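Next come the chains, spelled out residue by residue.
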Amino acid sequence: MQKLLFTLIALLLCTGIKAQIWVSKNVTSSFFSSTPVEDIDALSKTGASALNVKTNDIIFKINNTSFQFKKKLMQEHFNENYIESDKYPTSDFKGKIIEQIDFSKPGTYPITIKGNLQIHGVTKEYQVKGSLVITADEVKATSAFNVKLADHAIKIPTIVFKQIAETIQVKMTATYQPKK
Amino acid sequence: MKYHLKSLLYLFALCLPIVASAQDSLENALQMPVEKKNVKATFKATKLINIQTNETIYKNEMDFRVDHRFGDIAGSGGGIKNFFGLDQSTDIRIGFEYGISDKLSVGLARAKGAGIVTQLYEGNLKYRLLEQTDDEKVPVAVTLFGSTTIAAVKASTDPTAVNAYSKFQDRLTYVVQAVIARKFNSNFSMLVMPSYIHRNFTVFGDQNDMLALSVGGRIKITKRMAFVADYTIPFRDKDKKAYLENTLGTQYYKTLGAGLEFETGGHIFHLNFTNATAIQESQFITDTNTSWLKGQYRWGFSIARRFSFDKKKAK
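Just so you know, the sequences run in chain order A and B. Just so you know, my numbering puts 96 at position 96 of the first sequence, and the rest follows in order with no gaps. Just so you know, my numbering puts 195 at position 195 of the second sequence, and the rest follows in order with no gaps.
Just so you know, not all the hints are guaranteed correct.
To be verified - Pairs of lysine to any residue, SDA-like flavour, derived with a Cα cap of 20 angstroms: (1) A:Lys87 x B:Gln132; (2) A:Lys70 x B:Lys59; (3) B:Lys59 x A:Glu84; (4) B:Lys59 x A:Leu73; (5) A:Lys25 x B:Lys220; (6) A:Lys72 x B:Met32; (7) B:Lys36 x A:Ile154; (8) A:Lys70 x B:Lys223; (9) A:Lys87 x B:Tyr127; (10) A:Lys87 x B:Asn60; (11) B:Lys223 x A:Phe161; (12) A:Lys70 x B:Ser101; (13) A:Lys94 x B:Ser25; (14) B:Lys220 x A:Lys70; (15) B:Lys36 x A:Tyr88; (16) A:Lys72 x B:Asn60; (17) B:Lys37 x A:Thr65; (18) B:Lys36 x A:Thr90; (19) B:Lys223 x A:Leu73; (20) A:Lys72 x A:Pro89; (21) A:Lys70 x B:Asn38.
No wet-lab data here; the hints were simulated from the structure. Quick caveat: nothing in here was measured; it's all calculated off a predicted structure.
If we strip away everything but chain B, and leave its shape as in the complex, we get (with noise of 0.2 angstroms):
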C-alpha cells in the first residue's frame, strides 16, 4: 500500500508541470512574431507649410503639388482694394517628386519666385537617413533636404542688384536641410531643422551664406484635419543686416506660417497663413521682408496628389 502511494505521488509530480501547460489558456500557447517596426506617418504631406517634413515618398510613387500665396491680406498692401489679397499672387511653385527608392526621392519644380528674383527653377533630392522605431532604440528621425534653384530672370544692368548677374553660376542658389523629427504620439508631431544656405549672388552687402533654424509641428484634430504650424529663424550678421535695412528701406523678418491641412486618401490639402511672401527655401528664408504684425500675411494653398506606378503584387 505503501508503495502504491508512493508511485501515485511521483506520477503526479511527474504530470504536474505539464498538466498545468494543457491548462494554460489557449491564449498562452499563441506565438506572436516580435516584430521590430519602424515609425510611420510621422507627417503627412512631404512639406508642412513653409518648411520641408521628414517625410518621403515611397517607391515609384510620384507626387505633384501645387503650392500658392496670395497678396498681403491687411496693411498698406492689403485690404478690400485688392481683395484682401486674393487679386494678387506673391507666388506660386509647381512641382514634381518621384520615389527612387523608399528613402530617396528626386524632384523637378518651377516657381514663379517672390520679388525680384524670379523665373525659379528648382531640382531637389530627399533622403531619408534615420527612421524612429516603435522600441524607442531611435527616438527620432533624420531626413536630409538639398536643393539647386537657377533663377532665369533677366539679369540688372544695376551692379548693386540683386539680379546683377554676370555669369550663370551667380543665378544658383544652394539649401541643405536636415530634419530631425519625432512623433511623439499619432496625434502629435514635432520637427527642428537647421538649414544652409548658400547664394552665389546677393544683393550688395548681403552674405553669401546664412545658417537658419526652423521649428515646426503637426496636431491632429480629426482623422482627416490637422493643425500645422512652422516658425524659421535666419541668422544674418547684425552688421550686414542694419546696412541692408539701411540702403534698401525694407526689414528682414522670421517666417510664421500657420494652418489647416486635410487628408483625403490620396490628395492632401493645406490651407494657411504665412508672411513669407515666396515659397521655395531658396528664397522665403533668406528673403522674407513682410511682417505679421504689419498686415503682411496671407493665404496659402496647396494640393498635393500621390500617384503610385507600383503594379506589382504584395508580396
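Chain A extracted, bound-state conformation (with noise of 0.2 angstroms):
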C-alpha cells in the first residue's frame, strides 16, 4: 500500500514538471507597412512559440516565406530583396516574462517581454508590451510593437521609398496548450 502510494505522488510529481511547457503551433503573426502611397499587410498562421510556465521564459519561431500578401509580386519580393528567405529562413525571438505570473489562476495579466528579436539576420534586445488570458485549459498571449527596419539591415531602395514604411507594426497572438 504503503508503495503504492508512493508510486502514485511520483507520478504526479513528474507530470507536474512535464506540464511546465506549453506550446503554440499556431502563432499568428501580421505586419502592416502604411504610407500615403501604399498600405502593405502580411499574416502569416504557422508560426510556432514555446512558453516555460515556471522559468517565464518564451520563444517564438516564425518561417519567413509563411507570411502571405495580398499581391503575390509583393510576396515574392518581400521573399527576394527584402527578408532574403534564402539566407535567413526563420524570424525568431527569444525571451522572458518580466512579471510573475501564477498561470493556474485564470485571469488577464498585462506583461512585459525582454528579449531578443532576430529578423533578416540582425539580433535585437526588445521590450514589449502584451497581455496573457489565462483559462482552465489554454493560456493566450497577445502583443504589439513595432519594427524599425533600419535596425534589422532591411534596406529599402529610393525608387520604392514611398511605398514602405520605415517602420513596421507587427502583432502576434499565440495560444498555448500544455506540452504532451
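Combine both chains into one complex, guided by the hints.
In C-alpha cells:
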C-alpha cells in the first residue's frame, strides 16, 4: 500500500514537471506598413512558440516564407529582396516574461516581455507590452510592437521609398496548451 | 531501509525520462510546420532577352511590356552615320499579358516586325506545367509557351517573296516552346528550351516547319541587378539553307543576346545587345540574317511593369 502511494505521488510529481512547458503551433503574426502611397499587410498563421510557465522563458519562431500578402508579387519581393528567405529562413524571438504570473489562476494579465528578436539575421533587444489570458486549459498571449527596418539591416531602395514605411507594426497572437 | 532505497531508485527511474524532457531547451519544444514549397523567382521577368523564361505572372496581374531593338551598331549598316544604330529601329513590340490563374496567362501584342514581314499581331498562352520544389523532388520547372502571329503586311505580287500571301491562312505563324528551367541557387538560374515553329507560308524554297534549341541563364550581380544571356540554334535543312543563302544573298545565323536586368519592385528593365533584329519568336528564330562577327549587333531594351488587380485580403 505504501509502495503504491509512493508511486502515485511520484507520478503526479513527474506530470507536474512535464507540464511546465506549454506550446503553440499556430502563432498568428501579422505586420502592417502604411504610407500615403500604399498600405501593405501580411499574415502568417503557422508560427511556433513555447513557454516555460515555471521560468517565464518564452520563444517564437516563424518561417519567413509563411507570410501571405494580398499581392503575390509583393510576397515574392518580400522573400527575394527584403527578408531574403534563402539566407535567413526564419525570424525568431527568445525572451522572458518579466512579471511573476501564476499560470494556475485564470484571468487577464498585462505583461512585459524582454528579449532578443532576430529578423534578417540581425538580432536586437526589445522590450514589448502584451497581455495574457489564462483559462482552465489554455493560455492566450497577444502583443503588438513596432520594428524599424533599419534596425535589422533591411534596406529600402529610394525608388520604392514612398511605398514602404520605415517602421512596421507587428501583431502577434499565440494560444498555448501544455506539451503532451 | 533496504525497502526505501529500492523505492527511491524506482522513483528516480520513473522520473528520469520526464525530467530529462523538461530540461530540454524550449527550442526543442517548438513544433515548426513542415512546408512543402515551390521554388519561386527562378527568373525575374517573363522573358530573358530574345527568349521566354519559365515565369508567368500571378492571377489577376497584368504585365505591360515594351521591347525595342535599334539598328546595327557597327559593320556596313552601323557606325556614326546612323549614330551606332540609334537612328533606326529594327523592331518594336508592345505587349500585354494577363494572369488567368497563377499558372496560366494570356497575352496580346503588336510588333512592328523586322524585315519584309511586318505589322504583326500576336496572341499567346503560357502555362506552368511543373514547378521546381525546395525538397528537390522536382528538380526542374517546365512551362509551355504557344503563340499565333498574324502578319498584316500588304501581300506581294512576286510569287517567290516571303509575303506573297494568297489567302488569310498564309499570314499565320505558330510557335510552341517548352521552357525547362532550374534555379541552382538564389544567384544562378538556367534554362533549356526546345521550340517548334510552323509558318504557313515562307519565302520560296524555305521549310514550313522548323525546330530550334535555346539555352539561357541569369546570374545576379547585386540584389537588384543581374546579368542575363540567351543563345538560340535554329535547325534548318542543309540543302534548303544553302539554296536560300545562294538565291537571297544573305546568311542565316544563330542568335545571341546578352545584357543587364534591373529590378526595382514592380518594374523590370533590360538593357541588352543582340544580333537578332526581330523580337518575336515567330521571326527571330527562323530569320536572323545579322551576325555579331560582322558588327551587326544592336542595342535593345525592354521595360516591363506589373499591375495587380487583386484587392482581396490576404488569407
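| Are the Cα atoms of lysine 72 of chain A and methionine 32 of chain B separated by 20 angstroms or less? | violated, 24 angstroms
Need the status of pair lysine 94 of chain A, serine 25 of chain B: alpha-carbon distance at most 20 angstroms? Holds - the C-alpha atoms of serine 25 of chain B and lysine 94 of chain A are around 11 angstroms apart, at most 20 angstroms.
Is lysine 70 of chain A close enough to lysine 223 of chain B, meaning Cα to Cα at most 20 angstroms? violated, 23 angstroms
message: Need the status of pair lysine 72 of chain A, asparagine 60 of chain B: alpha-carbon distance at most 20 angstroms?
response: holds, 10 angstroms
For the pair we were handed, lysine 70 of chain A and asparagine 38 of chain B, check the Cα-Cα distance against 20 angstroms. holds, 18 angstroms
With the threshold set at 20 angstroms, check whether the alpha-carbon distance from lysine 87 of chain A to tyrosine 127 of chain B stays at or below it. The given pair, whose Cα atoms are some 30 angstroms apart, is violated under the 20 angstroms limit.
Notebook entry, point to check: CA of lysine 72 of chain A to CA of proline 89 of chain A, is that 20 angstroms or under?
Noted result: holds, 18 angstroms
Checklist entry - Straight-line Cα separation of lysine 223 of chain B and phenylalanine 161 of chain A no greater than 20 angstroms? => result holds, 16 angstroms
| query | When you check the alpha-carbon spacing of lysine 59 of chain B and leucine 73 of chain A, does it fall within 20 angstroms? | reply | holds, 10 angstroms
Lysine 70 of chain A and serine 101 of chain B were given as a pair; does the straight-line alpha-carbon distance stay at or below 20 angstroms? holds, 14 angstroms
- Item | Given pair status - leucine 73 of chain A, lysine 223 of chain B, alpha carbons within 20 angstroms | Roughly 16 angstroms separates the two Cα atoms, so the pair holds.
### Query
Within a Cα-Cα threshold of 20 angstroms, do lysine 25 of chain A and lysine 220 of chain B meet the stated pairing?
violated, 36 angstroms
Checked against the numbered hints above, the structure violates hints 3, 5, 6, 7, 8, 9, 10 and 14; every other hint is satisfied.
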